[in-house]
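> Starting from the given sequences, assemble the full structure and let the hints guide the process.
One-letter residues, chain by chain:
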Amino acid sequence: MKRIEVKLSLPVVAPLLDVIKGLAVDLEKSLAAPGIPAESDHEFQTAWTEELIAAQNAEVRLLLGLFNDEFFADGVIAFDEENAEPIVRACSALRLRLRFGPLASVVDEQLEGGKVEIDRLDEPERKGFMCYLFLATIQELIIQHLDSSIIGS
Amino acid sequence: MGESKTYTSPASHSATELALEGGWRVVVLNDPVNLMSYVVMVFKKVFGFNEPTARKHMLEVHERGRSVVWTGLREKAEAYVFTLQQWHLSAVLEADEAH
Chain A
0 MKRIEVKLSL PVVAPLLDVI KGLAVDLEKS LAAPGIPAES DHEFQTAWTE ELIAAQNAEV
60 RLLLGLFNDE FFADGVIAFD EENAEPIVRA CSALRLRLRF GPLASVVDEQ LEGGKVEIDR
120 LDEPERKGFM CYLFLATIQE LIIQHLDSSI IGS
Chain B
0 MGESKTYTSP ASHSATELAL EGGWRVVVLN DPVNLMSYVV MVFKKVFGFN EPTARKHMLE
60 VHERGRSVVW TGLREKAEAY VFTLQQWHLS AVLEADEAH
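Chains A and B, in that order, are what the protein sequence lines are.
Residue numbering for the first sequence follows numbering that gives the first Met the number 0, starting at 0 and increasing by one per position.
Residue numbering for the second sequence follows numbering that gives the first Met the number 0, starting at 0 and increasing by one per position.
To be clear, the hints were calculated from the coordinates, so they are not data collected in a lab.
Where hints are given, some of them may not hold.
[Stated by the list, open to error] Listed next, the in silico BS3-like pairs over lysine-lysine satisfying Cα-Cα at most 30 Å (straight line):
1) K28(A) <-> K75(B)
2) K6(A) <-> K20(A)
3) K44(B) <-> K1(A)
4) K75(B) <-> K43(B)
5) K28(A) <-> K126(A)
6) K114(A) <-> K75(B)
7) K114(A) <-> K20(A)
8) K44(B) <-> K6(A)
9) K44(B) <-> K20(A)
10) K126(A) <-> K20(A)
11) K114(A) <-> K55(B)
12) K75(B) <-> K126(A)
13) K28(A) <-> K44(B)
14) K6(A) <-> K126(A)
15) K55(B) <-> K75(B)
16) K43(B) <-> K55(B)
Take a look at the structure:
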């Protein structure tokens with residue numbers, strides 16, 4: 000099984016985990032990217048949303064599970080063919096929640112163009128932005144190294 | 000990527016008519032968050048697109064704000080929208096007025 004291990008800096012990543020845990024709680028009852036087909040009845044809409052939320056939360060929990068005691072001992076997290084897909088999705092959900100939460104005041108052009116002036120951000124925004132970049136890095140790593148595993152699964 | 004839009008219900012066809020005629024489009028809308036590489040990967044995974052086709056749709060979403068990625072029966076179109084939402088892409092169903 001193809002597997003990648005990433006060694007992270009504990010002092011850098013540990014504060015970001017608090018942000019991620021907060022976002023995970025925030026996501027428990029709502030979708031990161033809501034949208035239900037119109038013309039569907041209430042029962043259908045409820046089932047649709049509940050199923051998506053359950054999947055979303057299971058994936059976010061899986062991501063948080065990477066940062067366990069072992070991680071705090073050696074600073075290493077690992078991705079493989081089994082966890083790559085749910086983790087890359089969890090990162091997407093968390094980034095969306097960050098974008099429309101702590102980073103809501105940052106304009107799209109700055110965020111997309113990498114032109115965010117970190118010094119102008121307040122503390123929650125700065126942490127949120129670091130977290131946003133961290134999650135994108137995880138996604139890039141997985142896509143770069145495990146894309147074929149995800150596509151093939 | 001860009002701003003999102005809400006689903007507009009069809010004006011001139013009933014849902015039953017359209018379901019029978021197979022006139023539904025799966026439309027992916029732009030969002031300012033998901034990475035281009037991520038969107039390409041999702042298109043490849045969900046629709047079985049090859050790399051150039053996936054990239055073409057991704058760029059259409061990015062530059063025009065939306066891309067029609069699939070057309071057909073409502074039931075299957077709904078399933079695609081559901082799957083795309085599992086991947087946290089903004090996807091909606093639209094009636095295909097050509098049918």
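> All hints are to be evaluated individually against the structure, with a verdict given for each.
Hint check results:
Under the criterion of a C-alpha separation no larger than 30 Å, the hint pairing K28(A) with K75(B) is consistent with the structure, at around 27 Å. With a C-alpha separation of about 20 Å, the suggested pairing of K6(A) with K20(A) holds against the 30 Å cut-off. Using a Cα cut-off of 30 Å, the hinted pair K44(B) and K1(A) holds, with the two alpha carbons roughly 18 Å apart. In summary, the hint linking K75(B) to K43(B) is supported, as the alpha carbons are separated by about 17 Å, within the 30 Å threshold.
Using a Cα cut-off of 30 Å, the hinted pair K28(A) and K126(A) holds, with the two alpha carbons roughly 23 Å apart. This hinted pair does not check out: K114(A) and K75(B) have alpha carbons roughly 41 Å apart, beyond 30 Å. Proximity of K114(A) to K20(A) is assessed by CA-CA distance (about 27 Å); at most 30 Å being required, the pair is judged to hold. With a C-alpha separation of about 28 Å, the suggested pair K44(B) and K6(A) falls inside the 30 Å cut-off, and the hint holds.
Note on K44(B) and K20(A): the hinted pairing holds, with a Cα-Cα distance of about 29 Å set against a maximum of 30 Å. Under the criterion of a C-alpha separation no larger than 30 Å, the hint pairing K126(A) with K20(A) is consistent with the structure, at around 13 Å. A threshold of 30 Å between alpha carbons decides the hint, and for K114(A) with K55(B) the separation of about 26 Å falls inside it, so the pair holds. For the suggested pair K75(B) and K126(A), the alpha carbons sit about 41 Å apart, so the restraint of at most 30 Å is broken.
Between the alpha carbons of K28(A) and K44(B) the distance comes to roughly 27 Å, so the proposed pair stays at or under 30 Å and holds. Annotation: proposed proximity of K6(A) to K126(A) holds, straight-line Cα distance about 20 Å (limit 30 Å). Restraint check: the Cα-Cα separation between K55(B) and K75(B) comes to about 22 Å, which is no more than 30 Å; the hinted pair holds. At roughly 11 Å between alpha-carbon atoms, K43(B) and K55(B) fall within 30 Å of each other, so this suggested pair holds.
Of the numbered hints listed earlier, those contradicted by the structure are 6 and 12.
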